[in-house]
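> The primary structure of each chain is shown beneath.
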Amino acid sequence: AQSVAQPEDQVNVAEGNPLTVKCTYSVSGNPYLFWYVQYPNRGLQFLLKYITGDNLVKGSYGFEAEFNKSQTSFHLKKPSALVSDSALYFCAVREWGFQKLVFGTGTRLLVSP
Amino acid sequence: SAVISQKPSRDICQRGTSLTIQCQVDSQVTMMFWYRQQPGQSLTLIATANQGSEATYESGFVIDKFPISRPNLTFSTLTVSNMSPEDSSIYLCSVVEALNTGELFFGEGSRLTVL
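Protein sequence lines, in the order shown, are assigned to chains X and V.
Each number in this note's numbering corresponds to the 1-based position in the first sequence with 87 added.
Each number in this note's numbering corresponds to the 1-based position in the second sequence with 53 added.
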C-alpha cells in the first residue's frame, strides 16, 4: 500500500532564508507525487507535481521540489522564504494505475519576519 | 483548473441530526472524491463518488453513515448522518480533471461542528 511520511510537524525559518519541507514515500510501482498548501480556514491548493522527467519540478509561488528515487524522497524547497508562505503543507502520493491519493500528516511552516 | 463550490461553508449541528453537503463543479470531471480532515489531522479519503452508481467507500466508512450521491458529472452530495461530536471536521470535495496525471483540486471545504 502506498504511504507518505512527513517527519517534521513544524519547520521554522527566518524570512529570506531558504526553506525545505521533507517528504518520503512508499509505493510498489512508479509514484506520482504532489505538494499542496493549506492556509487557515481554506481548502487545499495544488503547488506542484512530479509525474516523470526532470527530477527538479517547479511550481506555484516560487516553490520547487526534488524527486530522489534512491532515497524515495520528494522534498519541497524555496530559495527565499516569505512570511506569507506560513501555512500547512501536505505531501501526497498516488501510484500509477490507482486513483487514490494518500496524504502525509502535514508540516506547519512558520516564517518569521 | 475546475472551480469547485461547496455548501455550506460551515455549520453548527446538534447531536443526532444529519447534514447534507453539496459540491458543484463548473465543468464535467471524471472523478470526484470526498475527504475528511479532523481537527489538527491530515486528510482521509471517505469515498469515491461514482456517477450514476453507488459510491466506493474506504475502510472505516460506511454508506449508512456517509451516504453519497452523484447524479451527474458536475455535482455530488455527502450526507453526515446521525452526527456525534466526533464528526466535527472539515469535509472536502475534490475532483480529478486529468486521469493521466491525477492531481486533485479541492473545494474550500465545509467545516462542521457538532454539539
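Hints listed in this document are in silico derivations from the structure and should not be mistaken for laboratory results.
Even for Gly, the Cβ is constructed at its ideal location relative to N, Cα and C.
It is possible that some hints are incorrect.
To be verified - Counterexamples of contact, computed for chain X against chain V with all Cβ distances above 10 Å:
1. 102
2. 103
3. 128
4. 131
5. 141
6. 151
7. 159
8. 167
9. 173
10. 189
What the hints assert, rightly or not - List time: in silico BS3-like cross-link candidates among lysine-lysine, alpha-carbon distance up to 27 Å:
11. V:118 <-> X:187
12. X:187 <-> V:60
13. X:187 <-> X:145
As the list claims (entries may be wrong) - Computed, partial: chain X to chain V, Cβ under 7 Å:
14. 113
15. 116
16. 119
17. 126
18. 135
19. 137
20. 150
21. 181
22. 193
23. 195
24. 199
> Against this structure, judge whether each hint is valid.
Structure-based check of each hint:
1. 102: Answer for residue 102 of chain X: holds, closest chain V Cβ roughly 26 Å.
2. 103: holds (29 Å)
3. 128: At roughly 8 Å from the nearest Cβ of chain V, residue 128 of chain X sits no farther out than 10 Å, so the non-interface label is violated.
4. 131: violated (4 Å)
5. 141: holds (15 Å)
6. 151: Holds: least Cβ distance 16 Å, greater than 10 Å.
7. 159: The claim stands: residue 159 of chain X keeps its Cβ more than 10 Å from every Cβ of chain V (closest is about 19 Å).
8. 167: Holds, because the least Cβ-Cβ distance between residue 167 of chain X and chain V comes to about 26 Å, which exceeds 10 Å.
9. 173: The assertion about residue 173 of chain X holds, with a minimum of 17 Å to chain V.
10. 189: Non-interface label on residue 189 of chain X violated, nearest chain V Cβ at 8 Å vs cutoff 10 Å.
11. V:118 <-> X:187: Within the cut-off at roughly 21 Å; holds.
12. X:187 <-> V:60: holds (24 Å)
13. X:187 <-> X:145: The given pair, whose Cα atoms are some 23 Å apart, holds under the 27 Å limit.
14. 113: Where the cut-off is 7 Å and the nearest Cβ of chain V is about 16 Å from residue 113 of chain X, the hint is violated.
15. 116: For residue 116 of chain X, the interface hint is violated, since the closest Cβ of chain V sits about 13 Å away, which is over 7 Å.
16. 119: OK, holds: residue 119 of chain X within 7 Å of chain V, min 6 Å.
17. 126: violated (11 Å)
18. 135: violated (9 Å)
19. 137: violated (10 Å)
20. 150: violated (14 Å)
21. 181: holds (5 Å)
22. 193: holds (5 Å)
23. 195: violated (10 Å)
24. 199: Residue 199 of chain X check fails; min Cβ-Cβ to chain V is 22 Å, beyond 7 Å.
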